Each structure stands twice: as C-alpha cells, then as structure tokens.
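Student: In order, the protein sequence lines correspond to chains G and X. Quick note, the first sequence lines up with residues 585 to 776 if you use this note's numbering. Quick note, the second sequence lines up with residues 195 to 317 if you use this note's numbering.
I should point out that these hints are in silico values taken from the structure, not numbers from a laboratory. Check before you lean on any hint, since a few could be wrong.
[Said to hold, decoys possible] One-sided excerpt, in silico: chain G residues whose CB lies under 10 Å from chain X:
no., residue
1, Leu590
2, Ala605
3, Arg612
4, Gly617
5, Arg621
6, Met638
7, Ala713
8, Leu732
The structure displayed is predicted, hence computed values, not measured ones. From the three backbone atoms N, C-alpha and C, an ideal C-beta is built for every residue, glycine too.
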Amino acid sequence: MSDPDLRLVRKARRGDRKALAALYERYRSRLFGFLVRSVRDRARAEDLYQEVWMKVIGAIESFETRKGTFRAWLFRIAANAAVDERRRAGVRQGPELDAPLPSEEGRAVDLIPSADPGPERWSLIEDQARALDGALAQLGDEQRSAVLLRHQQGLTYAELARALAVPEGTAKSLVHRGLAALRRTLGERNDA
Amino acid sequence: MPERRGQGPVEREEGLIRALAAGARLEPPENADRLIRRMIAGRPPAPARPPSPLPLVLTAVTSLILLAVALGASLSRTALSGDAPLVAAIVVTAYLGLSATAVLPLLVRRDLLRAVRALGVRS
Numbered sequence: 585m586s587d588p589d590l591r592l593v594r595k596a597r598r599g600d601r602k603a604l605a606a607l608y609e610r611y612r613s614r615l616f617g618f619l620v621r622s623v624r625d626r627a628r629a630e631d632l633y634q635e636v637w638m639k640v641i642g643a644i645e646s647f648e649t650r651k652g653t654f655r656a657w658l659f660r661i662a663a664n665a666a667v668d669e670r671r672r673a674g675v676r677q678g679p680e681l682d683a684p685l686p687s688e689e690g691r692a693v694d695l696i697p698s699a700d701p702g703p704e705r706w707s708l709i710e711d712q713a714r715a716l717d718g719a720l721a722q723l724g725d726e727q728r729s730a731v732l733l734r735h736q737q738g739l740t741y742a743e744l745a746r747a748l749a750v751p752e753g754t755a756k757s758l759v760h761r762g763l764a765a766l767r768r769t770l771g772e773r774n775d776a
Numbered sequence: 195m196p197e198r199r200g201q202g203p204v205e206r207e208e209g210l211i212r213a214l215a216a217g218a219r220l221e222p223p224e225n226a227d228r229l230i231r232r233m234i235a236g237r238p239p240a241p242a243r244p245p246s247p248l249p250l251v252l253t254a255v256t257s258l259i260l261l262a263v264a265l266g267a268s269l270s271r272t273a274l275s276g277d278a279p280l281v282a283a284i285v286v287t288a289y290l291g292l293s294a295t296a297v298l299p300l301l302v303r304r305d306l307l308r309a310v311r312a313l314g315v316r317s
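Make the full structure from the sequences, and use the hints.
Tutor: As structure tokens, this is what we get:
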C-alpha cells in the first residue's frame with residue numbers, strides 16, 4: 585500500500601472523518617470510472633457507486649492493512665458489486681459491437697479525456713472508444729474486471745489478485761487472455 | 195480500438211492500453227457525491243476499543259506468585275525457630291500484601307471499569 589493510503593486508512597479506522605474524506609477524495613473519480621466501464625450504464629454505475637462507498641464506510645474499521653492495500657479492497661468490493669449488478673440485470677453477453685451504450689449519458693465518448701482533440705480526431709476517438717466498449721462487453725466478468733483494474737486503474741498484479749480473490753498467476757492469465765480477446769475482437773472488426 | 199492501416203503490433207498494443215486507460219477517472223454525479231460526503235461527515239467516531247485485560251492479569255498473577263514464594267520461605271524459617279507472635283505478624287502482613295498486590299495494578303489503571311467489563315465481570 586502506498587504510504588498516504590496506509591496512513592489515512594489507519595486514521596479512518598480510528599474514526600477520523602477527515603482521513604476517510606481524504607480517501608474518498610483520492611478514489612471517487614477512479615471508482616466511478618471503473619464502474620461506468622464495468623456496467624456500461626451511467627445510471628446503474630451511480631447506484632453502484634453509492635452502494636460501494638456505503639459498504640466501504642461501514643466496513644473500514646474491519647479492514648486489515650496487513651491483508652492488502654486499500655485500493656485492492658475497494659476495487660474488490662466494486663468488482664463484486666458490478667458482477668452482481670450485471671447478473672441482476674441479466675447482462676451476461678454484451679450488445680453488438682457498434683451498439684450505443686444503453687444510456688445517452690454514458691456514451692463511450694465520455695470516457696475520453698476532456699482535452700478537445702479537434703473535430704477531425706473527435707469522431708475517430710469516439711469510434712475507437714465505442715469499439716473498445718463493445719469489445720469489453722464481450723469479455724467474461726472476471727476478464728473484464730481484470731483488464732480494467734490492471735490497465736485502466738493501474739493495479740499491480742498482487743493487488744489485482746487480492747481484488748479478484750484469485751492467485752497472482754491466475755490474475756496475470758486473466759489479463760493476458762482478456763487483452764488477447766480484445767485484440768482479436770477489435771482486429772476482426774477492423775478487418776470487416 | 196480499431197486498428198489503422200500501417201500500424202505495427204507494438205503501436206496497436208500501446209493504442210489499446212492507452213484506450214483502456216482513458217476514462218480511468220470520471221467525475222461522479224453531483225447528487226451521489228454529495229450524499230457520500232454527507233455520510234462521511236455524519237459518521238459517528240468509532241467507539242474506543244476496551245484495553246486488553248491480559249497485561250493487567252499477568253502482572254497481578256506474577257506479583258502474587260512472587261510474594262507467596264517469598265512469604266512462604268520467610269514463614270518456614272520463622273516457624274522452625276518457634277516464634278509464634280512473629281508468625282502471626284507475618285501472616286497478617288502476607289494477607290495485606292497479597293490483597294494490595296492484586297488490587298494495586300487495577301487501581302493505577304484509569305480504565306479500570308473497561309478492563310473489568312472486558313473480563314466479563316458486571317459491576
């Protein structure tokens with residue numbers, strides 16, 4: 585765990601609200617970014633966002649720092665919540681590659697950094713993001729979480745293993761296979 | 195992401211990773227954000243954990259054993275010499291000493307009640 589997290593978690597466990605608020609500040613936008621891309625629906629991601637933070641706030645005192653980092657714990661809760669939500673919604677298989685996201689607000693274009701790339705690049709970026717969303721939706725829940733946590737959120741493989749409750753070797757394999765599946769899907773799409 | 199013609203595998207891989215990293219941070223909706231912040235601000239401080247009674251108990255027990263051994267040795271020597279009043283004085287001193295040793299560690303602790311509760315004793 586990075587030092588700031590460790591210090592903040594220890595304080596938060598003792599009931600320090602400022603420390604908990606600081607942890608929230610550090611992870612609020614990252615968690616929402618992960619959830620939006622996991623469930624591909626901004627409204628559902630919003631519900632999950634609240635659900636996850638409520639769990640975190642309620643359970644922070646029982647979090648054991650020796651059992652892994654805070655962010656691995658946080659994203660484990662988030663990944664489980666996202667999987668449960670997808671199962672509840674019956675979204676086992678994603679929509680077709682070019683289908684728009686279910687919610688207008690959750691368009692793939694929202695996932696692109698806010699710097700204005702100019703009108704010509706914009707449509708290309710939007711197209712790429714939409715294609716990637718579609719390809720991600722075709723992955724299994726565990727693979728998608730693994731790819732997003734590793735390459736979107738930058739978790740180490742050790743943290744990823746904690747977050748997914750799998751051995752580290754399995755975590756690596758999930759990421760590599762997920763990336764390979766994405767490359768294959770996107771390659772096929774490009775060739776079509 | 196769709197590959198563009200002329201891109202090599204390395205560029206394609208980098209492009210894919212870059213695309214995945216895009217959107218790592220998304221601003222949460224204002225109402226959800228406000229709700230969570232309110233929850234954090236209104237969260238009651240964690241109740242103080244009762245101190246562990248183990249050190250207290252160990253201190254008392256060790257003191258009692260040491261005192262009992264010392265007094266036992268002293269009593270044996272005095273009884274052998276046949277001095278009855280001195281034996282009585284030692285017995286009274288031993289009783290008071292043992293009581294004080296057992297109680298003192300409890301008295302010096304400010305969290306006496308918490309320790310007693312942790313031991314499961316109702317006052």
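Student: Evaluate each hint against the coordinates.
Tutor: Okay, the hints, checked on the actual structure:
{"no.": "1", "hint": "Leu590", "verdict": "18 Å, violated"}
{"no.": "2", "hint": "Ala605", "verdict": "5 Å, holds"}
{"no.": "3", "hint": "Arg612", "verdict": "6 Å, holds"}
{"no.": "4", "hint": "Gly617", "verdict": "4 Å, holds"}
{"no.": "5", "hint": "Arg621", "verdict": "6 Å, holds"}
{"no.": "6", "hint": "Met638", "verdict": "7 Å, holds"}
{"no.": "7", "hint": "Ala713", "verdict": "7 Å, holds"}
{"no.": "8", "hint": "Leu732", "verdict": "7 Å, holds"}
This entry does not satisfy hint 1, going by the numbered hints stated previously; all others are met.
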